[in-house]
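The sequence shown begins at 328 in the numbering used here and counts up one residue at a time.
In case anyone wonders, no lab produced these hints; they're calculated from the structure.
Nothing here was measured: the structure is a model prediction, and the numbers come from that model.
Take the hints with a grain of salt, since some may be wrong.
[To be verified] List time: in silico EDC-like cross-link candidates among lysine to aspartate or glutamate, alpha-carbon distance up to 16 Å:
{"hint": "1", "residue 1": "Lys-838", "residue 2": "Asp-826"}
{"hint": "2", "residue 1": "Lys-404", "residue 2": "Glu-434"}
{"hint": "3", "residue 1": "Lys-404", "residue 2": "Glu-537"}
{"hint": "4", "residue 1": "Lys-566", "residue 2": "Glu-537"}
[To be verified] Simulated DEER-style distance windows between Cβ atoms:
{"hint": "5", "residue 1": "Leu-812", "residue 2": "Leu-542", "range": "37 to 45 Å"}
{"hint": "6", "residue 1": "Ser-593", "residue 2": "Thr-744", "range": "30 to 38 Å"}
{"hint": "7", "residue 1": "Ala-1038", "residue 2": "Arg-962", "range": "45 to 53 Å"}
C-beta atoms are modelled at their ideal positions from N, C-alpha and C, and glycine is treated no differently.
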Amino acid sequence: MIRRLLRALPRAVSFYDGSLWRTVWRALVLLRRHGWRGVLLRARLLNVLPPPRQELDIAPSDLFHCQEVPWPGGAPKVSVIVPCFNHAAYLPDRLDSIFAQGYPNLEVILLDDASTDGSQAILQRYAQRPEVTHCVLNTGNSGSAFRQWRRGLQLATGDLVWIAESDDYCDNNFLQEVLRCFSNPAVRLAFARTTFVRGTPPVEIWSSEEYLGDLGLGLWSRPFTMAAHSLVKLAWSRKNILPNVSAAVFRHPGQCSLLEDPQWQSLRACGDWLLYLHLVRGGLVGYTPKATNFYRQHEGNTSVSFQAQPEYYREHALVAQHMVQLYRLEDADLQPLRAQLLRQWRQHHPLAPEHELDGLFALAPILVHGARRQPNVLMALFAFAAGGGETFPIQLANLLYSRGYAITLLDCQLAETEPGIQAQVHPGIAILRLDKPYLIGRALRDMGIELVHSHHASVDMMMHNLLSMYPEIVRIISLHGMYELMSTAQQRTTLRRLDGKVDAFVYTAEKNLQAFTPDFQARHRFTRIDNALERRPFHPTCRSALGISDADFVFCMVARAIPEKGWEEAIAATQLANTRSHRRIHLLLIGEGPELSRLRPQHVLDTCVHFVGFQAHVRDYFAMADMGLLPSRFRGESAPLVLIDCLFSGRPLLASDIGEIRTMLAGPQGLAGELFALTDWTIPVAVLSDHMLELANDLSRYAALRNRVDAAAAKFDPDRMAERYEQVYAESLQGRRIASP
């Protein structure tokens, strides 16, 4: 620890204008707010340098090694989906191999598609086991295995999903080995080796090593984790490297548009391949040969005869179309698949001319679909921590993911992870953490990342240091109020490093531009995009649970518990207002930080001040309250997201008049709240108390503000905001193409 701090000291002193005193003072602030871990994390950032040249030659399969760590919160739930149709002879072996895993957190979902061979009776018998949460027996056949997969995913509540087909079985250590891959949060899917078996008792007839041998990759003898993009270019674009879904476990994708696609549901040969391509996009894929899945082959298998039919080639064309829409592929990447299909075509149609295959599978029309591909975007986060600059990129990532972008979230881990913040990430988005941060450039190249969007000055500089060898990656920086807090010397040093290295800056408040000289602004693209959030259902928290009467007036304050956010002043103003109020006034304080630890013991007997701590669903609390409160004196305050949360909950806001708060509260009939001025960047407690007193006791004044909320909230349109960011991305990428013909 001491060595790391000493190594970081010269760079820290340099950043703080050469002042050792200022460096020590900032370290003490970090220590008070985040403890020793916060100081060490910042030292880690300062110590990050570009990698030695020899490290760049690391194999793609070794790049994403992640040290195994205990699962936070214990073993993740695995949903095991067992779709069955007329497999009574094999069901006991299948189910016994599932329950023999010895995994402590299983839910088993049994699905039967109108079997006529006694399968349903076997399933009903096993349904008595406590691990079985659903046993769904269809009275009519659905006509598609993939419709059954979709049904199982709708019922599954686990973080991870294993579709264990009813005629297969596996080693008893299957889950133990495959789940090791998921200690890396970016792994979207992991699979084990497969042995193809036939007959009773089953006899080995082939193996996945033989099946994959023609790829010439030499990967399959040891565990690996690889970027999905690289694996698609190297192998998955040539053949389905996972011929049996029973060998795989994957993260639950949440809402996935492919599952609702009738065309996908009706596929016969390639539906699994297509699903894998959607599941792994933007993330990593793990593999282990240390456990075996046994894939049962049946006499009279229809797959070979299906190769003679036109639909077989049309299905492969559909897969190829999706490939070029999802991944950055070229003609050469698809040529091996075309050659393989041509060999199969000639085997079944030896006298037919090749142009007949072109009517079913031709690369030129397939590659046209690549024009619909959205870029691969890395959203770089300071940490999964509370704060607008920390949570906004998550909301933007979710929005862009829903609009078809390949999104990867990079967690720079520069503060402690708050699980409730991480839980806000859409389940279909990969979270990337690297044991060796200096390899980020190489990692992004393997992942096919085209654009990096960062949201914190520390992360901006980290990306600058580490991507210097990868100038082809587009850089976007969103300004959330940090740059104007730097000293003039820090601004000068930082802007000198960023000059010419950033494709676009996005700002949310005019004050964000104060840090940038007119010359710098003239040389770079600056675009203002106002913040917005998605509307989500909310459920008001019960007042009685906090000992609050329906007749009382409640202010709800959501902010980091640091002095600049005004926690102490809010408490003092509430107490002062209650000495004069006819109506009891309550204050909810939601958030974590040093002020929470300092102030809570001091006010333990005050029944009107409620320290609620971190809450993932703040709109539930705003909706329970009468009014939001934001008495911030934080000089970096720009366009606070909690203001939008408050308005979306149907509540007006009382706030300090800083940043863009006035503009955000404005509506056709006036402000959806009230503002007070700071006094030389201090909060006037008496003035704040007067506002609270009058709002709690003047019903008509409060009602007028509340009636303006909907109109003020209407301007925060997440789709319009997303379109603006898409435009910035497109223009930046196009600018690079023009500059690099």
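Check your understanding: Can the restraint linking Lys-566 and Glu-537 be considered satisfied, given a maximum Cα separation of 16 Å?
Key -> Measuring from Cα to Cα gives roughly 13 Å; hence the hint holds.
Exercise for review: Take a look at whether the Cβ-Cβ distance between Ser-593 and Thr-744 falls inside 30 to 38 Å.
Suggested key: 42 Å, violated
Check your understanding: Does the hinted range 45 to 53 Å hold for Ala-1038 and Arg-962 at CB?
Key -> Violated, at about 30 Å.
Review point. Is it true that the C-beta distance of Leu-812 to Leu-542 lies inside 37 to 45 Å, as the hint says?
Key: 53 Å, violated
Review point. Does Asp-826 lie within 16 Å of Lys-838 when you go C-alpha to C-alpha?
Key: Violated, at roughly 20 Å.
Review point. Are the Cα atoms of Lys-404 and Glu-434 separated by 16 Å or less?
Key: 7 Å, holds
Practice item. Take a quick look at whether Lys-404 and Glu-537 sit within 16 Å of each other, Cα to Cα. Key: 33 Å, violated
Figure legend: structure checked against the earlier numbered hints; hints not met, in rising order: 1, 3, 5, 6 and 7.
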